[in-house]
Structures are given as structure tokens and as C-alpha cells.
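Participant: So you can see what is in the structure, the chains are spelled out below.
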Amino acid sequence: MKNTEKKNNVILSASHLVKSFRSGDVEQTIINDLDLDIFQGDFTVIMGSSGAGKSTLMYSLSGMDKPTSGTITFCGEEITSYNADKLAVFRRKHCGFVFQQIYLLDKMSLMDNALTAGLLVGGKKKEIVRRAEALFEKVNLPEVTWKKLPSQISGGEAQRAGIVRAVINRPEVLFADEPTGALNSNNSDAVLDVFTELNRDGQSIIMVTHDKKSALRGSRIIYLRDGKIFGECDLGKYTSDNAGRADKLNAFLTEMNW
Amino acid sequence: MKQISHLSLYFFKKDKKQILSFGIIILITSLILNLATVLALRIDPAYDRQSDELHSADIDMVIPKMTDSAALSAAVRSHASVAQLEQQRAILQKAVMKDFRGTDFELNILFYNWDNHRSIHQLSLIERSEKTLSGENTIYLPLYIAKFGEYALNEKITFSMDGRDFTYTVAGVVQEMQYGNASAEIMGVFLPDDPYRQLAEEYPGSEVVNYAVRTVEGTDNRTLLADLRKTVEEHQSPVLFALTSEAKKQSRMMVTNLLTMILTAFAVIVLLVSIFLCQFRIKNTVCEEMAQMGVLKSMGFTSGGIIRAIVLPYTVAALIFSAIGAAGSYVLLSSLVDVLALQAGFRFEVAFSAAALILTVALLTGVTLIFTWLAAGKIRHLQPIAAIRGMAEGNGMRKNRFAIARTPGSVNGVLMLKQMAASAQQNVLLFVVLFVITILIAFSGSLFYNVVIEPDHFMNTLSDESPDVILQVSSSDISRVKRTVGHLNGADKVLSYSVLQLKVEDENAIAFVCEDFSKAQNNCCYEGRNPSSDREIAIGNALAERLGCIIGDTVDVTYGNHSRSYRVVGLVQSVNNRGEICELTEEGLAAISEDPLRSLYVYLNEGTDAEKFIDKAEAVCGEDIVNTVNAAKKQSEAQSMYNAIVNIVIIAVFAVTILIVLLILYVIIRSMITQRRQEYGIFKAIGYSGRQLVAQTAGSLMPVTVAAALSSALLGLVYLPAVYDVIFGMIGAMKNRMEQPVSVLLLLAAAEIAVTLLIGVCLARPIKKIEAYSLIKE
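Respectively, the protein sequence lines represent chains A and B. Per numbering that gives the first Met the number 0: the first sequence = residues 0 to 257. Per numbering that gives the first Met the number 0: the second sequence = residues 0 to 777.
I should point out that these hints are in silico values taken from the structure, not numbers from a laboratory. Honestly, I wouldn't trust all of these hints.
If we take Cβ atoms under 8 Å as the criterion, some of the chain B residues that face chain A in the derived model are [as the list claims (entries may be wrong)]: (1) A404; (2) G412; (3) L414; (4) K417; (5) I681; (6) K683; (7) A684; (8) Y687; (9) R690; (10) Y772.
Beta carbons: idealized from backbone N, C-alpha and C, even for Gly.
Kindly produce the complete structure, drawing on both the sequences and the hints.
Facilitator: Here you go:
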């Protein structure tokens with residue numbers, strides 16, 4: 000995609016973003032005057048060492064957390080001025096979240112977890128149930144698991160259910176925070192496959208990770224250091240040519256002193 | 000022990016706000032319980048002590064002076080059960096006290112000579128005028144007349160007797176234990192020697208002798224009174240009035256006893272609430288701190304040690320707050336006693352009761368200790384590693400209740416149901432608390448409805464026939480006066496109705512004589528029917544019990560020198576006369592009395608002013624009317640006392656109710672927020688707004704709230720009549736007129752639900768402050 004074309008496809012944009020925390024008399028700046036554009040259809044991976052501000056950046060972009068200063072615009076509309084309720088509406092309509100700790104509602108079945116999000120936006124219940132069923136099938140969760148509680152399934156299954164919940168409202172952006180961090184290798188691959196497939200279907204994804212294997216699935220790698228973008232790498236859409244992508248990623252990360 | 004106290008301090012710090020709310024409930028419980036206990040333990044002995052100090056008689060009999068004799072007094076004195084006899088001379092007059100609490104109040108008054116020495120029924124002067132009242136006719140009033148009648152020192156009091164007014168200046172107020180209150184129909188006042196002699200000269204035929212009898216210990220006063228009556232009558236003397244100390248006490252202490260009972264019930268209910276609350280909190284602490292419990296166990300803490308550490312803050316809170324509550328009850332007690340003194344005519348000096356304090360504090364602390372210990376017992380079964388992993392048995396749900404796809408309704412509604420279904424313990428606590436609270440609300444509401452909104456229900460239960468105006472007529476042609484008065488503007492109906500004393504078998508009884516009981520307003524008959532022919536009689540419950548007679552039996556009635564048999568057709572009640580009454584028709588009385596009835600009961604149309612009506616009646620029949628009583632005003636004044644007490648009870652109940660609901664909801668919602676903090680974070684991340692979550696949380700309490708409030712309120716239709724039966728049965732009212740309108744009960748339940756929702760929404764507001772981002776931070 001050409002740069003001008005890409006600019007027209009900016010879905011999320013951060014300008015002079017600052018996020019700092021105060022603990023007693025000590026103020027710590029996590030994101031420091033950061034500018035960033037996220038493009039429609041990209042699988043953006045945010046990497047960096049611990050404390051670099053990866054998750055803080057992601058949650059600021061998604062309206063889960065308010066920046067200290069700077070602006071974030073979504074499809075041209077500034078969301079930094081939104082109050083808590085308006086941000087909630089923004090999240091329910093435009094964002095989906097996948098967490099490392101999965102955070103399924105433990106007293107609800109997988110289906111109810113999905114519907115809790117799906118029905119929030121509105122629409123006919125039957126249609127939303129059908130959409131949830133289709134998504135469960137897409138992430139390879141058989142019907143028998145839909146009625147199970149989170150405590151009755153494996154971590155991988157739970158994370159895939161978490162993805163269903165995240166995308167049921169067809170969000171413009173899917174945010175994923177270390178989605179494979181708590182999973183074993185097999186389960187990680189299954190979850191990453193889902194992400195890849197979703198991205199292939201046009202889903203914009205922003206994923207925080209420090210796992211190279213996960214990062215390989217991304218199309219654009221952003222490397223953070225001390226709250227600023229330290230480097231960026233365009234991997235292009237995921238292909239089965241893992242060797243070439245891995246080399247490129249390795250070279251980039253070496254350059255970043257990772 | 001040091002380790003345990005450190006651990007205890009940790010649990011206290013963690014739960015301090017909830018322990019404080021528990022403490023406040025204990026404080027309320029203690030306050031009410033101590034009030035009830037002090038009243039129960041102190042006021043009765045104080046009454047007896049006051050009686051002893053004033054050397055009160057066990058039996059009083061009033062007989063005409065002209066029939067008194069040395070032989071009679073010797074015969075009474077010689078009775079084996081008589082320990083001491085004192086004959087006190089007095090003047091007995093039916094008198095109307097003018098401006099008694101703003102109205103005219105008719106009572107049988109015994110005028111005693113203040114200067115006469117008394118060894119029995121001594122008087123304690125509690126207020127004395129500092130002014131020199133020389134040249135004025137002074138009087139000493141008993142506490143009841145002075146306080147309830149609102150006669151202050153140095154003010155005038157006028158007695159109207161046989162159309163003549165006698166005015167005295169109040170020189171002092173005395174505490175006496177000789178008579179009951181107004182409901183006992185007779186009271187004594189005290190005139191210094193000069194005015195006493197003047198009055199005696201005016202009414203030489205009214206001089207009486209009060210036989211004040213102190214009995215030997217263990218005497219059945221009622222049986223002895225019956226024996227002494229016989230003795231008096233054998234000496235050709237009538238007994239004009241007779242009272243036992245028990246009857247006096249009953250009439251004076253009625254309201255106090257009722258209040259003590261209500262307070263005790265109230266305290267038990269609040270105690271139940273606190274028990275459930277502390278159990279709920281302990282169980283929640285165990286759940287919330289499951290992992291820490293596992294860590295503590297793995298460190299080597301014993302189950303007993305952890306349990307002691309958890310239970311200790313609650314037990315200490317119960318100890319401290321129950322002591323504060325008990326001490327605080329004395330502040331309320333002094334104002335409560337003032338209200339009660341109005342009805343009891345007896346000033347109860349509030350004194351600290353160590354026994355009540357120990358009882359209250361020990362009970363509340365003990366109950367807290369036992370129930371918190373039981374609730375914490377679950378800790379014994381925790382396996383350390385299972386607890387650390389949060390896998391202990393019973394931790395978490397096993398079923399997906401209210402599946403969203405299948406449950407009709409909006410997602411927010413279904414989530415409310417899910418939240419409710421996930422909190423069984425909380426539901427049980429809320430249901431029990433609101434159920435018992437609704438019992439209190441329903442009782443108070445019903446009391447308010449029957450005493451304040453529809454006062455006839457309450458007053459008709461306690462009082463006898465209650466017209467608006469009573470006219471004492473001198474003319475023998477009472478029917479002419481009746482016709483004239485009946486045609487006056489504002490008169491609804493006029494009944495010939497008299498109250499007199501006669502004998503049924505050998506027992507004295509107050510007789511209510513009416514031309515037609517079916518036209519009377521307050522039907523006192525609770526079994527069978529009122530008499531309708533000249534051969535029929537209805538008798539009071541106490542009289543029937545004493546005579547061992549039932550409906551269908553025949554009894555002999557004696558009035559003056561005439562006797563006749565009547566068939567008992569019904570049983571009637573009279574709280575004022577303790578069931579020692581009967582009902583006869585006008586024709587029935589005419590068969591044994593040559594005197595026609597001389598009193599008319601006038602019932603006025605709504606909105607008619609009784610005072611103005613009396614003026615009109617006097618204007619047209621002035622010569623025939625000897626005396627008038629504004630009974631409507633008298634009743635409304637009597638009612639004002641009950642209103643004052645009921646209002647206090649209701650305000651207290653509603654205030655305590657709101658406070659308890661607030662505290663309980665605080666504990667429940669706080670527990671919810673603590674336990675579900677992560678869940679709220681997830682909801683917010685998904686896109687639920689703070690407002691939605693607050694509504695969801697407060698709404699999840701509603702199904703249980705509605706179920707508890709409605710079921711308890713509607714059950715009121717069943718239990719309230721039973722409660723009233725018990726309460727009024729204790730004071731001799733076999734049939735009460737208290738009603739429980741469904742609309743009032745439902746209205747109260749609706750108000751309770753609305754208040755609960757409102758409080759729930761307010762208390763759940765902190766959910767708004769939970770950030771979705773806190774999920775990550777935590």
C-alpha cells in the first residue's frame with residue numbers, strides 16, 4: 000500500500016501523547032510525547048522491553064485509560080475529551096479486547112460471555128446468537144463447550160472464547176494484550192491462527208507482545224523504548240514464508256537491542 | 000496470642016467499615032433491648048417500691064359514712080387476712096373537672112382532708128407552690144390529674160357538681176398510689192381543712208369512708224375483697240367503690256407494659272438482623288481471603304487461631320457498641336418515662352440498672368461470638384493448597400443460570416438476574432432482613448392507621464360506648480328532651496344510655512343500659528349478642544369467668560332492693576372496667592329500678608362542633624339539662640396521649656428501619672464491589688457504562704427485596720390480627736377493631752422497595768469509579 004493511500008486509511012491516531020503516574024511525590028512518565036497512526040486492516044504489533052509502556056499505550060489508544068496529555072482520534076474524532084460513559088460506548092461500538100489473563104466472566108458460560116458483549120450494542124437476539132455460534136465455530140470451539148463455564152475449559156479454549164467475545168460486535172480495532180502469554184505452545188498457535196485469519200478478513204489488530212513467535216503474525220512492528228517509538232518495521236501481511244519474515248524481524252529486534 | 004492479635008488487627012483493618020456498620024446495628028439493638036430491659040426490670044419494682052414507701056393499701060372500699068359503724072370496722076379488722084385497716088373520711092361526688100386538658104372531664108372524685116393524718120396511702124408532696132395562697136381555697140392534686148389534666152401550680156381548677164362550681168388554687172402536686180388513672184373511674188384530691196369542711200357542709204349526704212386495707216402476705220386480694228364485701232353488706236352498708244391494688248396497677252401500667260412488649264419484640268427482630276449480618280460478613284471474609292487463609296495455614300497457623308482472629312474484631316465491636324447503646328438508652332429513657340408518666344400517673348425515676356446493662360451487653364456479645372464462630376467454622380475444612388489456588392469446595396458457581404440466549408428480556412435485565420442468582424448468601428441475608436423489617440413496618444403502619452388515621456378502631460377497642468356529647472337530664476320526661484335534641488341541627492342520633500353500678504349474683508358490676516344496643520356505635524360484644532329484650536343480659540368477660548357462667552345461663556341481677564333473673568345472651572368486653580360489666584336493655588333495668596334513665600348519648604354528624612351543639616342544646620332544654628360532657632373532645636384528648644406514644648414508636652421504627660436497610664445494603668454492596676471488582680472491570684472493558692453497572696447491581700437486589708417486602712406485608716394480613724389479639728387480650732379486650740387494609744400494607748411495601756432501590760443505587764455508585772484499566776493494573 001502506498002503511503003498516501005495508507006494515510007487515508009488512518010483509523011486511530013495519537014498525537015503528543017503523554018501518560019504519567021504519580022506515586023507520592025514521585026512522577027513517572029510512561030509514554031512520553033508519542034505520535035502514532037494506526038491503519039485500517041493492519042496487524043500492528045507493539046513490542047518493547049518491560050516498562051517500555053506497551054500496554055499503557057495500547058490501553059490509552061483504546062479508551063480504557065485516559066492519557067495525561069495529548070490527543071487520540073478515532074476515525075477523525077477526538078476521544079480524549081470523552082467522559083467515562085462516552086468512552087464505554089466508544090469501546091462497545093468500536094473496540095474488542097483480548098487479555099493475557101483472558102478475563103472471562105467466570106459465572107457465565109462461554110456463550111453468555113459472548114452475548115454479554117454482543118447484545119450490548121443492540122440488535123435482534125437471535126441474529127446475535129447466530130453470529131456468536133458462527134464465531135465459535137470459526138475459532139474451533141465445538142458446541143459442547145459453549146455452555147461450559149470458564150472454569151471447565153482449557154486456557155486455549157478460554158482465550159478463543161475471549162476472542163469471540165472481543166469480535167462479536169465487529170469492532171474496527173481488536174486490541175490484544177499478550178494474548179498468548181498464559182498459554183502453552185499448542186494453544187498459542189491456535190490463538191494466533193485465529194488472529195491471522197481475522198486479520199486476513201480485514202480486521203485491524205493492535206497486539207502487545209514480547210513473544211517473537213506472536214510478533215511474526217503482525218504486519219507492522221512498533222518498538223517502544225522509554226515511552227517513545229524507538230523503531231518501526233514493516234513485515235507485510237503474514238505469509239507462510241516464515242523464514243524470510245523471521246529474519247527480517249530478528250534483524251529489526253537486534254537493531255533495537257532487544 | 001500475639002500472633003492472633005496481629006492477625007485480628009489485619010482482619011479489622013481490612014473490614015473496618017463493615018465492622019463499624021455491624022457495630023451500629025448492635026448499638027441500635029442494644030439501645031432498644033436495654034430500654035425494654037430497664038422498663039421490664041425497673042419500672043415494675045419501682046411501682047411496687049413506691050406503693051410500699053407510701054404504705055399503700057391492698058384493698059380500698061368506699062362506703063357511705065352514714066352506714067359506717069364501729070361494729071363494721073371491727074368486723075373488717077378481725078378478718079384473718081387483714082393486717083391493717085385505716086378509715087379515711089372523704090366526700091364522694093361525681094364531678095366535672097373544667098378545662099381538664101382543654102375539655103370537661105367527668106369523674107367520681109373523692110375529696111379528702113389534706114390535714115388528716117394518714118398511715119396508709121401516705122402522700123408524697125412532689126411539687127409545692129412557693130406563693131402564699133392565704134385567703135384562697137387551695138387544693139393538692141394527684142400527679143395524674145395535675146399532669147394529664149394540665150393544671151400547673153397556682154392555677155385554678157374548677158369542679159362542677161350538681162350544677163355548682165367549686166374553684167380551688169393548685170397548691171401542690173402529690174404522688175399517691177391510691178387510685179388508678181382515669182380509666183378506673185374514681186380518683187382522690189386533697190383539700191386543706193377549711194375548704195374540706197365547707198364542702199362537707201355543702202354535701203353532708205356525700206360523706207364517705209374509705210376502708211384502706213393492708214393484707215397479710217400471700218393473700219388473694221380479689222377473694223378477700225369478695226369476703227369483705229359480704230361483711231360490709233351484712234352490716235347493712237353498700238360498697239360504693241372497691242379496688243384491689245392489682246386492678247390499680249393494671250390500669251396504670253397498661254401502656255408501659257404494651258410498650259415494653261413492643262420494644263422487646265423490636266429488639267429481638269433487630270438482633271436477628273445483626274446475627275445474619277455478622278454471619279454474612281464472616282462467610283464473605285472467608286471467601287474473599289481464601290488464598291490468605293491457605294497461606295496462613297501453610298505458615299502453621301491453626302484453624303482455631305485463624306477463627307479466633309476473625310471472630311475477635313466482631314466480638315470486641317459487639318462488646319463496645321452494645322455498651323455504648325445501653326448507655327445511650329438512658330438518654331431516650333428519660334423522655335420516654337415522661338410520656339409514660341402521663342398515663343401511669345406515676346413518676347418513674349430513671350436510675351442506672353447494672354443488671355440490664357450486663358444482660359444486654361452479655362446477650363449481644365455472646366450471640367455475636369457464637370454466631371461468628373459458627374460462620375467461621377468453614378475455615379477448619381480448608382486445605383491450604385486448595386485455598387491458595389482458590390479451589391476450595393463451594394468456591395465459585397457450577398451452573399450457568401439464566402442463559403442469556405434463552406432468557407427473555409434485555410441483556411441488562413438478564414445480567415441483573417444472573418447477578419442475583421450468583422449471590423445466594425446475600426439473597427438470604429437480604430430476604431431475612433427485609434422480611435423482618437417489613438414485619439416492623441407493617442405493624443407500625445397498621446398501628447398508625449388504626450390509632451392516628453382511623454382512631455375509632457383503636458379507641459373503640461379500649462373504650463366503651465363513645466358518643467360525641469353526653470347530656471345528664473333532670474326531667475323525668477327524658478323522651479321529650481331526646482326528641483328536642485334529636486331535632487337540633489347537627490344531631491345524627493340520640494340514645495338513652497346510662498352507666499350505673501349494680502350487682503350480678505354477688506359481684507359488683509358496671510351496667511351499661513341502652514334503649515337499643517343495635518343503634519349504639521361501639522359494639523363491645525365479642526361472643527353471642529347484645530341483649531334485646533327485658534329478660535336478657537350480656538356480661539363482661541371477667542365477670543363471666545368469676546361466676547363461671549356461659550351464654551344461656553341465668554343470672555340474678557340486684558339493683559337497690561330489687562332482684563330479677565336474666566338470661567345471658569352474650570359476652571362483652573370493657574378494658575376500662577376490666578371486664579366487670581354487664582349490658583341491660585332499658586326495659587330490663589326498668590324491671591328492677593323505678594328511676595328512669597337520665598342520660599342521653601348524642602351522636603353528631605361529621606363536622607359538627609360538639610361545643611356549639613352543647614350550647615344549642617342548653618339553649619333549648621337548659622332547664623332539663625343538669626350537666627353536659629363534650630365526650631368527643633374528651634376522647635380526642637385521651638387519644639392525643641396514645642397518638643404521642645404511637646408517633647414516637649413509628650418515628651423510631653421508621654428511623655431504625657431506614658438505618659438498618661442502609662447498613663445492611665452497605666455491607667452487601669460493599670461485599671459485592673470487593674468480590675466482583677474484577678468482573679466490573681471486565682464489564683467496563685467490554686463497554687458497559689458505570690450507570691449500567693450501578694443499575695444492574697441495585698437492580699439485582701430488587702427481586703429479593705420485592706419478594707420479601709410483599710410476602711411479609713401480605714402475611715401481615717394473617718399475623719397482625721393475631722398480634723393484636725395477643726396484645727389486646729392481655730389487657731382484657733377480647734375483640735379488637737384493628738384493621739389491616741391491604742392497600743396500606745402494599746403501600747408500605749412499595750415505599751420500602753423504593754427506599755431500598757434508592758439506597759442501593761446510592762451505595763452502588765462507587766462502581767462508577769472502578770476503571771476498566773484497573774484490571775491490568777491489578
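Participant: Run every hint past the structure and note whether it holds.
Facilitator: Hint check results:
no.	hint	result
1	A404	5 Å, holds
2	G412	11 Å, violated
3	L414	7 Å, holds
4	K417	7 Å, holds
5	I681	5 Å, holds
6	K683	6 Å, holds
7	A684	5 Å, holds
8	Y687	6 Å, holds
9	R690	6 Å, holds
10	Y772	4 Å, holds
Going through the hint list in order, the structure does not satisfy hint 2, though it satisfies all others.
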